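Colleague: Letter by letter, the chains look like this.
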Amino acid sequence: MDFTFTDDELAFREAISRFLMVEAAPEVLREIWETDSGRSPDLRHKMAEQGMTALSVPEECGGMGLGDVAWSLMTQELGYYGIPDSLADTAYVAEGLINDLPESIRDRQGWLERIAEGDVRIAVGHSVNPLVADAHLADLLLLEHEGEVHVLSREQVSLEDNPSIDSSRRLSRIRWEPSSSTRLVDSENGRALWESALNRGALSAAGQLLGLAQRMLDLSVDYAAQRKQFGKPIGSFQAVKHQLADVAGKIEFAKPVLYRAAYALEHADPLVDVHVSQAKLACGDAAWLAARHGIQVHGAMGYTWEVDLQMFMKRTWALDPDWGDRGFHKSRVAAHVLMDDAQLGPGHTFREA
Amino acid sequence: MSLEFSVADEAFREEIATWLEANLQGEFAPLRHRGGPGDEEAFPELRKAWERHLAKAGWICVGWPTEHGGRGLDVTRQVIFHEEYARAGGPGRMGHIGEGLIGPTLIAYGTQEQQRRLLPGIREGREFWAQGYSEPSAGSDLSNLRTRAELDETSDEWRIDGQKVWTSLAHESQWIFVVARCERGSVGPKGLCFLLVPLDQPGVTIRPIRQISGGCEFNEVFFDDARTAANNIVGAPGEGWKIAMALLGFERGLSTLGQQMHFTQELELICQVARENGAARQPALRQRIARAWVGLKVMRYNALRMLSGGEDGQLPREALIYKYYWSNWHRDLGKLAMDVLGHTGNVVDDSDPVRRRVQQLFLFTRADTIYAGTNEIQLNIIAERGLGMPRESRSNA
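Residue numbers (the numbering used here), protein chains in the order written: chain Y, 1 to 353; chain R, 1 to 397.
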């Protein structure tokens with residue numbers, strides 16, 4: 001039993017964090033918001049250079065061969081820096097789905113290589129999400145139709161733009177015609193692929209929510225130390241500091257839940273659905289609390305456009321229902337706990353099946 | 001105790017309902033359900049015209065005493081007025097700061113000359129007011145304000161220098177009331193004055209502050225040798241804090257009732273969305289919706305109890321808990337609204353007015369526990385004033 005990360009995993013995370021701190025400062029992100037596409041090819045290219053798109057691509061396809069556990073760290077960084085680009089959709093969710101395809105599929109290896117090189121954007125349309133992120137820039141779209149996997153180019157679909165309250169999100173409703181020529185996998189084999197894709201998507205959202213929570217906490221701690229009222233930093237008042245301590249507690253207790261879920265995904269745990277749902281709920285709760293207490297501590301400043309807190313709050317509110325809303329994930333957990341033959345007692349803390 | 005409406009009350013209800021139905025038509029039809037919290041910037045000119053229209057029919061300042069041109073309605077009738085105004089979708093009131101805050105303050109503390117000069121503009125829906133309290137270094141610590149006022153004996157004017165912030169609708173107003181420091185070297189609540197200052201003058205600059213919702217309902221207001229006549233002071237120099245606090249006491253009255261009707265409509269809207277999109281079938285959401293309804297009823301009963309008491313502007317004990325209660329209830333309602341919307345919650349669709357209102361509700365409610373006294377300040381008031389507990393140690397800078 002070992003709940004820790006290796007030095008290599010931590011060092012990679014640290015390197016990515018330092019890189020994003022420089023390249024994706026809030027003022028840069030605000031500039032990207034204002035562009036037509038809402039995305040920066042330059043930032044995407046630099047992230048690929050850092051190896052972020054190659055993380056879980058198998059080594060024989062030019063990747064690093066890491067898995068879901070590594071992504072549980074990486075997605076926190078994407079959240080912490082509020083990266084608008086849906087990089088994880090391509091490099092984690094789509095990559096995972098393509099990697100799970102039968103090797104007989106002709107384009108499989110080529111796609112994986114292109115993902116690792118960072119020169120492809122793949123949008124994923126799962127039925128749990130009515131809208132698809134970053135479809136407007138996608139080279140390929142992986143779309144679900146009654147359990148089947150379809151692959152289409154952007155020219156084969158029509159997109160309807162759906163602006164979000166989070167200026168960094170670019171969402172589209174997609175209209176398309178499934179046909180035998182677009183179908184990659186039939187429903188019999190496709191359902192399991194989509195179930196895994198859903199879990200990866202939810203884990204990706206969970207990791208980002210946790211990173212967002214940490215960012216909002218850090219911003220709030222800084223603000224409470226600087227802002228003075230009654231002749232003192234407001235952070236010296238218990239009514240203020242205790243709110244941030246509560247957030248810290250939520251974040252720390254969500255982390256191992258996220259890691260447990262990532263481990264379950266990586267090791268094909270039969271209860272992976274339950275673990276992922278719990279992680280999504282725990283990380284979502286932490287992020288909501290961080291937003292609520294963060295804006296409270298910021299006072300009216302937190303309600304302004306100018307102060308960066310809003311960027312991370314809005315991303316939180318928008319991501320929370322992504323890849324399964326609260327009702328969906330709570331139902332999955334409840335269904336497990338209330339199963340007739342649920343094994344919940346001692347001896348099943350880590351080995352539940 | 002009597003919790004019934006009389007036959008005469010019901011006749012009054014019929015009267016206002018009929019009037020609103022007949023008058024929120026034609027040019028005013030677009031105003032229905034607009035201009036509420038989070039939507040304050042909607043149709044400013046048309047809403048000002050609506051204020052004048054209301055005024056002509058005697059439907060503003062309904063709670064003011066008749067000798068000051070109001071209708072002198074008792075609490076019951078005011079409740080009915082606000083219920084019907086909200087039910088008809090009456091627009092957010094541009095004149096609320098004048099009617100609900102500075103008007104009652106002038107009636108209680110102003111000179112006869114000030115009352116004669118300033119109340120008609122409010123009562124006739126012609127003049128609008130902004131509130132100059134908060135400053136960059138005076139938020140929760142309001143008495144730390146630094147805006148200075150000095151009486152210039154030669155011109156017989158107050159000269160004002162400093163800055164106010166979070167000033168709602170200053171850009172749509174003619175007047176601002178300003179709490180300023182008039183005794184050099186004074187600290188805290190001592191040495192302040194309460195001035196009435198015209199906004200349209202070279203010494204005043206108004207700069208909008210963009211909010212997370214994208215709108216700019218509030219402003220920074222800069223005073224750079226701004227002027228107001230010597231007789232535009234309420235109370236004496238040095239009494240500014242007393243007047244400023246008394247004004248806040250009036251905030252609970254009229255605004256409270258209108259606000260609760262607005263809450264009732266929001267809850268109804270959320271229920272409507274939940275029924276339509278299936279969220280009403282989710283047990284967890286059903287429970288939260290029921291809990292929200294229960295919370296609203298509690299709030300309403302408490303408000304009616306609070307307002308049934310004396311009318312001297314003094315806050316009864318139960319009033320201390322009011323802001324804390326409603327703001328937390330409303331913040332939770334905003335979260336509930338987002339959870340009921342689910343996926344569509346973060347997607348903007350201007351063609352769907354219901355969704356737009358629910359999203360505005362959500363974003364606006366993020367500020368409820370902050371403006372008009374934060375949660376932390378409210379709890380301190382309850383603990384210190386309500387329970388008589390020792391004050392937190394505060395060093396004065």
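It is possible that part of the hints are untrue.
Calculated pairs, BS3-like style, for lysine-lysine (alpha carbon to alpha carbon, straight line, at most 25 Å) [unchecked claim]:
1) Y:K330 / Y:K255
2) Y:K228 / R:K297
3) Y:K241 / Y:K228
4) Y:K241 / Y:K255
5) R:K190 / R:K242
6) Y:K330 / R:K242
7) Y:K232 / R:K297
8) R:K297 / R:K242
9) R:K335 / Y:K255
10) Y:K241 / R:K335
Calculated from the structure, these hints are not laboratory results. Treat the numbers as computed from the prediction; the structure is a model and nothing was measured.
Colleague: Are any of the numbered hints broken by this structure? If so, which, sorted upward?
Modeller: Hints 2, 6, 7, 8 contradicted; others consistent.
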